[in-house]
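Chemist: Go ahead and model the full structure; you've got the sequences and the hints to work with.
Every position in the sequence shown, counted from 1, becomes a number in my numbering once 2 is added.
Pairwise CB distance ranges (calculated):
| hint | residue 1 | residue 2 | range |
| --- | --- | --- | --- |
| 1 | 164 | 448 | 43 to 49 Å |
| 2 | 381 | 262 | 14 to 20 Å |
| 3 | 386 | 262 | 22 to 28 Å |
| 4 | 64 | 146 | 52 to 58 Å |
| 5 | 378 | 248 | 31 to 37 Å |
| 6 | 81 | 232 | 20 to 26 Å |
Distance condition first, Cα-Cα at most 30 Å in a straight line; then the derived DSSO-like pairs of lysine-lysine:
| hint | residue 1 | residue 2 |
| --- | --- | --- |
| 7 | 164 | 425 |
| 8 | 256 | 331 |
| 9 | 187 | 425 |
| 10 | 441 | 186 |
| 11 | 227 | 452 |
| 12 | 331 | 452 |
| 13 | 97 | 441 |
| 14 | 186 | 167 |
| 15 | 341 | 266 |
| 16 | 97 | 164 |
| 17 | 442 | 94 |
| 18 | 378 | 452 |
Hints listed in this document are in silico derivations from the structure and should not be mistaken for laboratory results. Backbone N, C-alpha and C define an ideal beta-carbon position, used for all residues, glycine too.
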Amino acid sequence: MEENKDLEATNLENKVKETETEEKAVEEEKVVTEEEKKAEESGVVDLSETEKQADSLEGEYHPKETETKDVLFHPIEYVDDTTHTIDEELEKVRKTYSKKISLSGIVNIVSMVVMVLGLVSVILVSFLNKDESKAWLTWLVFGIAMALIIASFVFTTILSKKGRKTNIEYLGKYHETLAGFLAKKVEIENPVFSVEATLPNEAVIQAHYFKTIMDTRSRCVLEGKRHGHDLLTGELYVLIPEIGLDKAIERPTKNYTLDGTEYKPEEETMTSTQELPSNDMTLVDHDLAEEVHGFKKEKKVKKVNPQEEKTRTGFFGRFYSYRLRIDSKESFLLCYVGKRGECVLPDYVDSFVSCHIPGLRKDIVCYLADPASSAKFFTPENVALLNDIRLDSTVQSLFLSVNSYGAKFGMNLSDDVMELPLKYPVHQGAADDFIDTSKKVFSFLDEIEKTASVLSDEEDR
3 MEENKDLEAT NLENKVKETE TEEKAVEEEK VVTEEEKKAE ESGVVDLSET EKQADSLEGE
63 YHPKETETKD VLFHPIEYVD DTTHTIDEEL EKVRKTYSKK ISLSGIVNIV SMVVMVLGLV
123 SVILVSFLNK DESKAWLTWL VFGIAMALII ASFVFTTILS KKGRKTNIEY LGKYHETLAG
183 FLAKKVEIEN PVFSVEATLP NEAVIQAHYF KTIMDTRSRC VLEGKRHGHD LLTGELYVLI
243 PEIGLDKAIE RPTKNYTLDG TEYKPEEETM TSTQELPSND MTLVDHDLAE EVHGFKKEKK
303 VKKVNPQEEK TRTGFFGRFY SYRLRIDSKE SFLLCYVGKR GECVLPDYVD SFVSCHIPGL
363 RKDIVCYLAD PASSAKFFTP ENVALLNDIR LDSTVQSLFL SVNSYGAKFG MNLSDDVMEL
423 PLKYPVHQGA ADDFIDTSKK VFSFLDEIEK TASVLSDEED R
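Modeler: Structure, rendered in structure tokens:
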């Protein structure tokens, strides 16, 4: 009997344990569900991959709700016939629309003056005309003034709508002309363009550059194919969490060699291959180049704690997405470090290592997923191509990211390219600078394609 009681007690204890285990599992599932629900409500998109890879996406993107609308792409009408420079063609567009926009501005000012004069007339007559026998004069002036004010308001509203339409037309024509030159220089086939289209957020995320992206804004998208790979490019602004300007360009403290060992600069000898110093001729003459290009520097304001200056702008310039996919282990990320306030280095490099590349300029930071797999890309010839890519007053900093999602690269550009010129002539040489730089980056990618384990779109990642 006692044995049966002990057996029943044991069975009961086991059942209790099983029940507790099941309840615990249910509770854990509820916690996970609650976390997923909170993440969904906060707008944070889970970018994690089922299979952990070097370029797996596990960062955060906080999209803001925006109204989606259908946009139409059209073939680029402008074709570079080499008879005129890009600056001449862009200046022709500027002059055409500058007259229209200036005229609209003048008419707006005249309408506002009429409205103000009408209002002032009513006030003056009301205060000065005290004779009751001439009250009709007050009402007459009041009626005329109100008619002028209403007419001016209606006219200004209509003109403002036309002005906005003209501005969009100007933006589209200007960037379509720019796209025509770009398409020819970098060999884009069947290029199509849309001024209202935006770059897909996935393309920006897949660059594997920023761990947290607060928001993106883009415009004027060019699409086409290059050497059989899909390509799209446009102007892009990336908003990131606030970061100090000094922290933004803080380089890795530990570097490795291409064979995976830790790099020690003191071991270099004068007979070994030396990387080019960052203050080579181009960077030494940076200020001189700015003067030649007519680039006006902003006066630097002396601050008590300049190290506390911060920015939320992660990127502002021209972005490219090129469907040249390589094996995840071969992934790499290059950064051309610009001046303080003109560059933000990547923080999404947990699965990468910072590497020293023999012969590479010191202002170029290199991150590799697996040095042994990527070493073949950095031959002396390819390093020479990378060293030939220069920063100047137009291209302020640059990054190139190549992984299993494709190749992404972007250039932080000065206002000479990013601002639409209206009152002043097109900045000479600025467009050529960023187009020539784009061409050099693609030349390097063409060499990468020859030795990389290129993935087709049919292959699973």
